[in-house]
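Participant: Each chain is listed here by its residues.
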Amino acid sequence: DAKTTQPTSMDCAEGRAANLPCNHSTISGNEYVYWYRQIHSQGPQYIIHGLKNNETNEMASLIITEDRKSSTLILPHATLRDTAVYYCIVRVAVRTNAGKSTFGDGTTLTVKP
Amino acid sequence: NAGVTQTPKFRVLKTGQSMTLLCAQDMNHEYMYWYRQDPGMGLRLIHYSVGEGTTAKGEVPDGYNVSRLKKQNFLLGLESAAPSQTSVYFCASSDRDRDYEQYFGPGTRLTVT
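So the protein sequences, as listed, match chains Y and V. The end of the first sequence is residue 113 by this note's numbering, with every number in the run present. The end of the second sequence is residue 113 by this note's numbering, with every number in the run present.
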């Protein structure tokens, strides 16, 4: 699986958009980008995933650059409850490799009042 | 649905003692996983299972054994606990056709003295 690079920490003002970058310059054509988050002391929670098109769901939006070497997770209106560690994961598609995912160190997002 | 549950939530062991962590899921998922998370670090995969009666090693399997006798349960055993196994242990499960979306339990905080 491709390696990812994320900033160690970021701050965001409550109510503003939080933009979390992820670099995955060695991504292969069949690898997807996945995002999870982990709120303090809880198990991680799946957020969103994508291959090359931008994706949006009720939690967030995922913007993947045209060359697929980087992506940005967007939380449109951050709240205090969005304070968490956000993990960017790159791996091949479903039903391969038994769903195994490598969680790096992630980005600690702190939403401030 | 209870989702993924883990027993116990906390445990303190002395070096050399043994114990079993129980993970149960009620979503009829085929895949199940055990991770450990050390302070300030990401999750590391210990063992995983793609179905009843099958298990496989992950990234850090040494010192642990697992069993999956029933589809809904995945047990993690420590035969002779060591201080290096002090960690938070998370269990997760996923559907075979959506294996990127892992559902995590609340974690077991284990301290080995």
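Calculated from the structure, these hints are not laboratory results. Hints are supplied without guarantee of correctness; some may be wrong.
[Claimed, not checked] Taking lysine to any residue and the SDA-like style, the derived pairs with C-alpha atoms no more than 25 Å apart in a straight line are: (1) Y:Lys100 <-> V:Thr86; (2) V:Lys57 <-> V:Leu13; (3) Y:Lys100 <-> V:Gly51.
Participant: A separate judgement is required for each hint: does it hold in the structure or not?
Facilitator: Results of checking the hints against the structure:
With a C-alpha separation of about 23 Å, the suggested pair Y:Lys100 and V:Thr86 falls inside the 25 Å cut-off, and the hint holds. At roughly 24 Å between alpha-carbon atoms, V:Lys57 and V:Leu13 fall within 25 Å of each other, so this suggested pair holds. The hinted pair formed by Y:Lys100 and V:Gly51 meets the criterion: a straight-line CA distance of about 14 Å does not exceed 25 Å.
The structure meets every hint from the earlier list without exception.
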